[in-house]
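Peer 1: Okay, here's what each chain looks like letter by letter:
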Amino acid sequence: MLCALSLFFAKPAPGAYFLVDDLNNTFIVLTTFVGWTTSIFSASYIGHELDIGRLTPRSVRFYHAMYQILMFAMNLALIANNIGLMWVAIEIATLTTVMMVGIYRTHEALEAAWKYFILGSVGIALALFGTILVYMAARPIVGEGLNAMVWSVLVTQAGNFDPALLDVAFVFLLLGYGTKVGLAPLHAWLPDAHAEGPTPISAVLSGLLLNVALYALLRFKMLLAANSAALAPGPLMVALGLLSLVFAAFMLYRRRDIKRMFAYSSIEHMGIITFAFGMGGPLANFAGLLHMTMHSLTKSAIFFAVGHIAQVKGTQRISDMSGLTVTHPLLGWGLILGVIAIAGLPPLGIFMSEFLVVSSTFARAPLLALILVFGILVAFGALLLRVNSIAFGEPRGPVGKAQASYVPMFTHLALVLVAGIYMPPALVAWFQHVAGLLG
Amino acid sequence: MTPDEMAFNALLGVLVIPAVAAVLLAALPN
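As given, the protein sequences belong to chains A and B, one line each in that order. Quick note, the first sequence lines up with residues 1 to 439 if you use the numbering used here. Quick note, the second sequence lines up with residues 1001 to 1030 if you use the numbering used here.
Mixed in with the good hints, there may be bad ones.
Stated by the list, open to error - On the chain B side, residues computed to face chain A include the following (Cβ under 8 Å):
id, residue
1, T1002
2, D1004
3, E1005
4, F1008
5, L1015
6, V1016
7, P1018
8, A1019
9, A1022
10, V1023
11, A1026
12, A1027
As the list claims (entries may be wrong) - Residues of chain A placed beyond 12 Å of chain B at every Cβ, according to the derived structure:
id, residue
13, I52
14, V122
15, L243
16, V378
17, P398
18, G400
19, K401
Since the hints were derived computationally from the structure, they do not count as laboratory data. None of the values given here were measured: they were computed from a predicted structure. Even glycine gets a Cβ: it sits at the ideal position worked out from N, Cα and C.
Using the sequences and the hints given, assemble the complete structure.
Peer 2: Structure representation (structure tokens):
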């Protein structure tokens, strides 16, 4: 975390493999911060799993090793200047999370891991093909070898690349990395992986790994934007973003499993973020960056609460966990605060970012804004309906004391609340600057 | 309805009004 923060003050010069600029610096700080708080949450969560015998000491060692590899892979993907290395890092992150999703070795966990592995592999194979096509487009201009895969070289020369090859490459990259982002209709792996794996992994998947895949997509979007003859990537991202938002919003109503429900909420929010970046321009990019940050903090806080709730109740079924504010007030109100935030109510940070997305869209494309508001409202209704039945009513299930670590959850929620009320001018200026880089 | 639930519903009511007002203002033509 301190190393990540130090990059704000001293950036190493870009090389053939690594690059630290203001864009990935933002992602790195967010990733290391949420990774750090999730590891604190992991200690109590995994300790409980060990106590009740759901995990063995051996699988706990495996879990912690995989967690560190995942953190390494995500940071590697973020600082990679080589598009091949970035692909490899995202592949490593996928494989480590596959291992962790199946760690409970139950029928459902293994099925979810296999589903994630197969769909993730299809996605990552499409992304590889897109990466190769970018290399093919760069080779006649940049020359054979490593330089034709170095992003900082590619972006300066992209104006001379064959636009037809770039167009095809972006479609493959959008479908490939879009699968990893969890965009509908490529999202099928995501709810299972979130529901069946350990909750810290659900928090990291939702809060971080989806962002890393989106970051890869943004890098290629910048490449296409540098070539005036290539297709505009924005409309494709806008279409997939809106589809994900509306689809996930309706799917939220049918969920019976609490982790699965918040997995669909992640699809919804990744849809909003992709939509914002697809619209482009300083305000929409700013809103997209802010929404991504707020979503990472809020969704991981929600999963921290959900993990402990599922542990004390011994189930993930929503119908078996009512009356939580009576039996476990801190967890219950923590979840309520998280849901109020994720549903987009003021004065929390997600309201601010959603408001910016909506208002910038109303100014440019009112019809799209109406669809956006419709999707957000549908999801809002579903989330409040479900949280009402979880938090209130006749208490059900075990009422034993929770051995929970509340600090990570309330730290995230406090940050989201503060960001909604007051954002320091320096942070606003930083986000504006990064939004400007995205075009 | 428990006191907790009443507090939650009151909170929702208070929060929804500015949210709706903000979106309506955003939707108004400049």
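Peer 1: Holds or violated: is the Cβ of L243 of chain A farther than 12 Å from all Cβ atoms of chain B?
Peer 2: 21 Å, holds
Peer 1: Holds or violated: is the Cβ of A1026 of chain B closer than 8 Å to a Cβ in chain A?
Peer 2: The hint holds - A1026 of chain B has a Cβ within 8 Å of chain A, the shortest such distance being about 4 Å.
Peer 1: How about D1004 of chain B: closest beta carbon in chain A under 8 Å, or not?
Peer 2: 4 Å, holds
Peer 1: If we take the beta carbon of V378 of chain A, is the closest beta carbon in chain B still more than 12 Å away?
Peer 2: 14 Å, holds
Peer 1: Was the hint right that P1018 of chain B lines chain A, CB cutoff 8 Å?
Peer 2: 5 Å, holds
Peer 1: Beyond 12 Å from every Cβ of chain B: is that where the Cβ of K401 of chain A lies?
Peer 2: Fine: 19 Å to the nearest Cβ keeps K401 of chain A off the interface.
Peer 1: Interface hint check: F1008 of chain B, Cβ to nearest Cβ on chain A, cutoff 8 Å. Holds or violated?
Peer 2: F1008 of chain B check passes; min Cβ-Cβ to chain A is 6 Å, inside 8 Å.
Peer 1: Take the shortest C-beta to C-beta distance between V1016 of chain B and chain A; is it under 8 Å?
Peer 2: V1016 of chain B check passes; min Cβ-Cβ to chain A is 7 Å, inside 8 Å.
Peer 1: Can A1022 of chain B be said to touch chain A, with a Cβ gap under 8 Å?
Peer 2: Holds: closest Cβ of chain A sits about 6 Å from A1022 of chain B, inside 8 Å.
Peer 1: For the hint on A1019 of chain B, does the least C-beta distance to chain A fall short of 8 Å?
Peer 2: Holds. Min distance 5 Å.
Peer 1: Quick check on the hint: L1015 of chain B CB to chain A CB, less than 8 Å?
Peer 2: 4 Å, holds
Peer 1: Compute the least Cβ-Cβ separation between G400 of chain A and chain B, then decide whether it is above 12 Å.
Peer 2: 20 Å, holds
Of the numbered hints listed earlier, not one is contradicted by the structure.
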